[in-house]
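Asker: As given, the protein sequences belong to chains A and B, one line each in that order.
Going by our numbering, 92 is the number at position 92 of the first sequence; the sequence numbering is gapless.
Going by our numbering, 24 is the number at position 24 of the second sequence; the sequence numbering is gapless.
Please keep in mind that the hints were generated in silico from the structure rather than gathered at the bench.
The beta-carbon is built from N, C-alpha and C at its ideal position, and this holds for glycine as well.
Hints are supplied without guarantee of correctness; some may be wrong.
Computed, partial: chain B to chain A, Cβ under 7 Å [what the hints assert, rightly or not]: (1) 11; (2) 12; (3) 25; (4) 59; (5) 102; (6) 108.
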Amino acid sequence: GAVVSQHPSWVICKSGTSVKIECRSLDFQATTMFWYRQFPKQSLMLMATSNEGSKATYEQGVEKDKFLINHASLTLSTLTVTSAHPEDSSFYICSADRLQGPSNQPQHFGDGTRLSIL
Amino acid sequence: AQKITQTQPGMFVQEKEAVTLDCTYDTSDPSYGLFWYKQPSSGEMIFLIYQGSYDQQNATEGRYSLNFQKARKSANLVISASQLGDSAMYFCAMREGEYGNKLVFGAGTILRVKS
């Protein structure tokens with residue numbers, strides 16, 4: 001089945017540093033990738049939609065300059081949390097849609113990244 | 001307005017029994033898809049089952065089945081013969097229109113299977 005790889009799976013870093021999270025589709029081309037944030041025991045909150053070769057579309061309330069998204073190829077999207085602070089600590093998870101496929105294709109999710117800012 | 005509503009924050013079920021997780025949705029788009037995902041404590045999202053708005057029959061995948069009542073806008077997940085490994089968070093989600101559009105998730109239901 002389709003595989004999406006997300007790296008790193010776990011990050012601890014000091015306040016003020018920037019953290020980059022990668023999301024790769026391993027065996028299919030993904031025109032669209034999505035980035036979610038999830039707090040404990042809560043639902044997934046969509047942060048942005050990333051389309052290959054164009055600027056990401058951010059959801060209302062999500063700071064573009066804080067959460068930089070780059071979708072440089074059909075298999076890779078990155079999320080950079082800039083100047084991270086403790087309130088940015090969360091579980092971040094990406095998903096990808098195939099380049100071609102019927103509407104019943106599920107989005108394929110990475111395994112997520114647990115980010116802890118000290 | 002909430003597009004996906006899951007009214008059960010938590011559910012308990014006895015091992016080997018069936019359980020129904022509720023999901024109602026709201027959309028004016030005639031073309032949409034409904035998905036159920038399982039999220040164990042490790043965090044990964046596992047796709048379980050899909051129901052399209054034009055599908056005539058209820059979807060089934062092994063022990064999972066979807067009770068799709070279009071007029072009531074409900075898409076309840078039924079898990080038969082519950083197993084301890086079914087303990088997890090379950091999310092109902094909807095995609096309006098074509099693939100490539102975003103998924104909207106419900107709040108989720110935590111399921112605990114008792115031995």
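Asker: Name the hints, by number, that the structure is in violation of.
Answerer: Violated: hints 1, 2, 3, 4.
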